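Q: Residue-level listing of the chains:
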Amino acid sequence: MEKFTNHTGRVAPLRNSDVDTDQIIPASYLKRVTRTGFEDGLFAAWRKAVPDFVLNRPEYEGATILVAGRDFGTGSSREHAVWALRDYGFRVVISPRFGDIFRGNSLTAGLLTVVADADVVERLFARAEADPASEVTVDLGKRTIEAGDIHAAFELDDYTRWRLMEGLDDIGLTLRHAEDITGFEVQRPSWRPVTTSR
Amino acid sequence: MARTLAAKIWQEHVVRQASGEPDLLYVDLHLVHEVTSPQAFEGLRLAGRTVRRPDLTIATEDHNVPTTGAGEPIADLVSRTQVETLRRNCEEFGVPLYPMGDAAQGIVHVIGPQLGLTQPGMTIVCGDSHTSTHGALGALAFGIGTSQVEHVLATQTLPMDPFKTMAVTVRGQLPDGVTAKDVILAVIATIGTGGGQGHVIEYRGDAIEAMSMESRLTVCNMSIEAGARAGLVAPDETTFGYLKGRPFAPSGDDWEIALASWRELRTDDDAVFDKEVEIDATRLEPFVTWGTNPGQGAPLGGEVPDPASFDDDGRRTAAEKALAYMDLRPGTPLRAVTVDTVFLGSCTNGRIEDLRAAAGVLAGRRVAGGVRMLVVPGSMQVKEQAELEGLDAVFTAAGAQWRSAGCSMCLGMNPDQLGPGERSASTSNRNFEGRQGPGGRTHLVSPQVAAATAVVGRLAAPADLS
Ligand code: SF4
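Chains as they are written, first to last, in this note's numbering: chain A, 1 to 198; chain B, 1001 to 1466.
Rather than coming from a laboratory, the hints here were simulated on the basis of the structure.
Just so you know, not all the hints are guaranteed correct.
Below, simulated SDA-like cross-link-like pairs (lysine to any residue); rule was C-alpha separation at most 25 Å, straight line [said to hold, decoys possible]:
1. K1244(B) / S197(A)
2. K1164(B) / S197(A)
3. K48(A) / P1438(B)
4. K48(A) / E1320(B)
5. K3(A) / K1244(B)
6. K142(A) / G1020(B)
7. K3(A) / E1353(B)
8. K1244(B) / T195(A)
Note that this is a predicted model, so its numbers are computed, not measured.
Taking the hints into account, I'd like the entire structure generated from these sequences.
A: This is how it looks when you write it as structure tokens:
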């Protein structure tokens, strides 16, 4: 995983709440067996059907920070939603609240999701709408969002922050504790089911 | 200290705890399907890793599979590749697989309980948000993403922070014609699609205790639609009766040992939940959705709401967008909404009890002209059982299509889809834009309402039929 320390970029303002992962990437794009190349699926239905959808507007081309309304990434667990955002070029998503599974997926896959107060999000919308070329800096080390006169702190637990900043792979970290896992397995009740024999 | 059921199961599965780090949680059962696993297996291969416990893992084919002509190769080449990739991966890594055509194949959340693999007190994960379904048997079950699938394959554990807990107590007796589906739609409309965020919901109260296992599965299934990580019902005699004799349930002496352990699985009387909600079952009615998220629902006797009636800005804008997409006008009685398609199936309502309930309504009646109705059993075993009971004959005599097991029209990934602008009454769990096919419009309903709607051609309850 690539290390994440801080990121400065332009904002695409998505003024919708309840953006479920079926909207982020429709099911027809989930048939692939690769982990990259999902950018064409990102918001595919809206990009096709809504001419003034934010990603169709030239002034937001090249934006790397997506700011969205409340409850972004609800619904289906598809990690493809994170991959589509990442492959399209987004590094950060800011919203007042995220779907739990989407949030977990993003932080595992190195897309930084930032929970910000609704009024901070509103100000970020207004700024990006007034001046699409304006930039925002998200600093993971300091856990801050900086944009003109907007200075906001955000929360992220130390462990996740450390993992993102070091670009560490979760599996590698867990395998350091392989002995603990084996120890646990020895004590598991023997009547728990196994799938290989009935 | 008094603990909730969720906390008890969690603590029993902590492999390692260290301050400032997430708990390392052991996974008792890992369910795998074709859509969210290929990249995980590929990751293992690239890192030279193996599946730590293939004997705690099962795979099935459900999302992509066509529900007609079982056994023939899948016509859509991309879907076929995905299914074949799963078969190769299971073969290479030694994971047991229930492929299309197998007598036990079906939707992953239908076959787990049916095989008796889902048991009280277990931790269960799957790369699918509706893993919450399995909580109906008193298991802590939650959906994960593909990176986590890879993590569980490699280590049989997950680093996780404990969930918060929420009690949803449903008191009183459900009125006639009101089902588990109506209960959960009402719960979601009450607490909102984000209301359960970060929580495990434990469903309790006499209405839940009185429910069959299949109804509890329906309730827990849609916990994710309230934003919750998992749903949970404390195991009781209904649970034990359901499990006894199933292929993977403990037997002989093991059954007695397991039973003694399962009987301990209750929330302590003085345990405190982070959130509590009460629902009065006696006041519930058949519930349907009018919008594009499962929280946008109302009693069938009601009407399409006026967005202006919401004082919250976000909810008002969301309702305006939803009505535009759904092509509905405020004030329209829900019973006046006509449909083109009725879908009976999915991991929410594709079990035998659901098919029986719908067949009970359809017996001796006909699906309205111009309406297509798909009946898709949740598993091949449900299909077999339904055919044994003659339910298939009831459906086909009514003019409905009788299909093979799969996710079918729950999501637009296989040939069963809505066309642009088509409207469905669907027993599935998500009415998101385009979920059942690009441009399709979905009203979520119970199996009984689905059947009555098919007969009338408009949203209707069995009581509306003469
Ligand atoms: S039936 Fe629908 S919700 Fe259930 S697993 Fe299949 S696609 Fe997901």
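Q: Evaluate each hint against the coordinates.
A: Results of checking the hints against the structure:
1. K1244(B) / S197(A): OK: K1244(B) and S197(A) at ~17 Å, within 25 Å.
2. K1164(B) / S197(A): Given that 25 Å is the threshold and the Cα spacing comes to 35 Å, the pair is violated.
3. K48(A) / P1438(B): With Cα atoms ~11 Å apart, K48(A) and P1438(B) stay inside 25 Å; holds.
4. K48(A) / E1320(B): Judged against 25 Å, a Cα distance of about 20 Å means the pair holds.
5. K3(A) / K1244(B): Status violated; Cα separation ~51 Å.
6. K142(A) / G1020(B): Cα-Cα ~18 Å, so holds.
7. K3(A) / E1353(B): Violated: K3(A) and E1353(B) sit about 51 Å apart, past 25 Å.
8. K1244(B) / T195(A): Distance of about 17 Å is within 25 Å: holds.
The structure fails hints 2, 5 and 7 (numbered hints given earlier, in ascending order).
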